[in-house]
Amino acid sequence: MMFTAAAFMIAFSTIVCFASAAEQIPLCAHALTEPERLMCELVYDIDQKSRAAAQAPTKQNSAYNCKDLNCLCPYYNGSVIAQDGSCILENGKKLQRVTRKEYRRMSDEERSRFHAAMNQLKQSGEFDVIAAWHLNLPHGAHGGPAFALWHREYSKRFEIALRLLDPEVSLPYWDPVLDQNLPDSRDSILWSPLFFGETDSSNFVVTGPFANWTTSDGYPAVRRELGRIKQSTLFTEEQVESVYKQTSLERGVFAYVAPHKGCIVEQPDISTLEYLHGNPHIWVGGHMGNPFTSANDPLFFVYHGFTDLLWENWRQMHQTREQRENDFVADIIECSPPQHFRLADMKPFDGMRNIDGLSNAYTDNLYQYEQRPTCSRTQPDCGSIYLFCDTAHGAPRCLSKMREGGKCDGLGRPDVCFDGVCQNGRCMTKNANTGKQ
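Quick note, the sequence shown lines up with residues -21 to -1, 1 to 416 if you use mature numbering (1 follows the signal peptide of the UniProt record, and there is no 0).
It should be emphasised that the hints constitute simulated quantities derived from the structure, not laboratory data. The reader is advised that the hints may include incorrect statements.
Claimed, not checked - Pairs of lysine-lysine, DSSO-like flavour, derived with a Cα cap of 30 Å:
| no. | residue 1 | residue 2 |
| --- | --- | --- |
| 1 | K101 | K73 |
| 2 | K46 | K101 |
| 3 | K409 | K386 |
| 4 | K73 | K46 |
| 5 | K72 | K209 |
| 6 | K240 | K224 |
| 7 | K101 | K72 |
| 8 | K46 | K72 |
Just need the whole structure built from these sequences, with the hints factored in.
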């Protein structure tokens, strides 16, 4: 069943918390907003299903198991050069580690190739196969310490699927902070045909590179309901900093987010990475607003590049190289379901255990991140024609430019509208401003 904004609220507000009053820790009672409470109750619901369910094996392309370029080389019919171990493709180019950039920081060619590979993947049916790995919950993807590890492996496999179609393609990430600080986040250029596309009156995505993508639940297109859930937000800079400042594994990046009575670890608050990552899911709504349908939306994979970036930055800030591959939380059944234990199989990925998701090999061999866009008063350039440097509201910060019709007043700059001007508080095309048709 597809969720409208109203149905989303009803369904989540009527989730039956599975444990009795004597067993369940009322963590959700500490939520400050309705979206926080909904995310908390959802995590507990997934926890219940994870504890009760068995996971069937899933047949997957063996290339997806690779963690280095030499492993991938045969799938391109490439040749490994003995001298330095590099992989040379049939076109003579070297297979290389890719750089994941913020979606709006990609060059036009990079973005075009990404869109082409995405559509090839969709048309082949492989996109839907990969999406189903997340849709067929439960497993260790949510509701416990393995959240970041599972999604790192999942994103890696998705990026490999794209690179098997075009070895130079990388998976970009969406930094939602760039949109959160606009007068209205729904006016971002991100929701235009250039990027994630526009929706019609029925909330179906009908323009852009992902227009009219059919979904696993029988809809003719992906649905989004931007900002429809009351009090929902995207990520804020303060929330990013709260992730970075966490020093406790159990209360931070590997938090026990659905503890039961008897869990001896201090309860986390709502500012853990897994909880915070839910905010944009709820704000986007539609397919993204429900974890059992979210991977139908290509936005899902681009967004999870951002949460992976936050985790990688945290790793670099707080851990040595050895700690990054070994430090994890204790296996405590009262604190998390067994699917989140250190040596548990990382279902549905063949041969993977949760601990394998801590490997440095991901970023050593396959991908690295270009850091989030920044600017300063001396360098007020965010490195993209789709971004601008906001210097009118405290410390300089990069924000997304807005699409036609967007609310642009109060930003104190003439260049906040993409390919347009701010007139009477709204973004208008340059032709409209000059009176030309």
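Consistency of the hints with the structure:
1. K101 to K73: Holds, because 27 Å separates the two Cα atoms, which is no more than 30 Å.
2. K46 to K101: With a Cα-Cα distance of about 24 Å, the restraint between K46 and K101 holds, given a limit of 30 Å.
3. K409 to K386: Answer holds: K409 to K386 is near 16 Å, not above 30 Å.
4. K73 to K46: At roughly 17 Å apart (the allowed maximum being 30 Å), K46 and K73 satisfy the hint.
5. K72 to K209: Violated, because 50 Å separates the two Cα atoms, which is more than 30 Å.
6. K240 to K224: 27 Å, holds
7. K101 to K72: 26 Å, holds
8. K46 to K72: 20 Å, holds
Violated hints amount to a single one, hint 5; each of the other numbered hints is respected by the structure.
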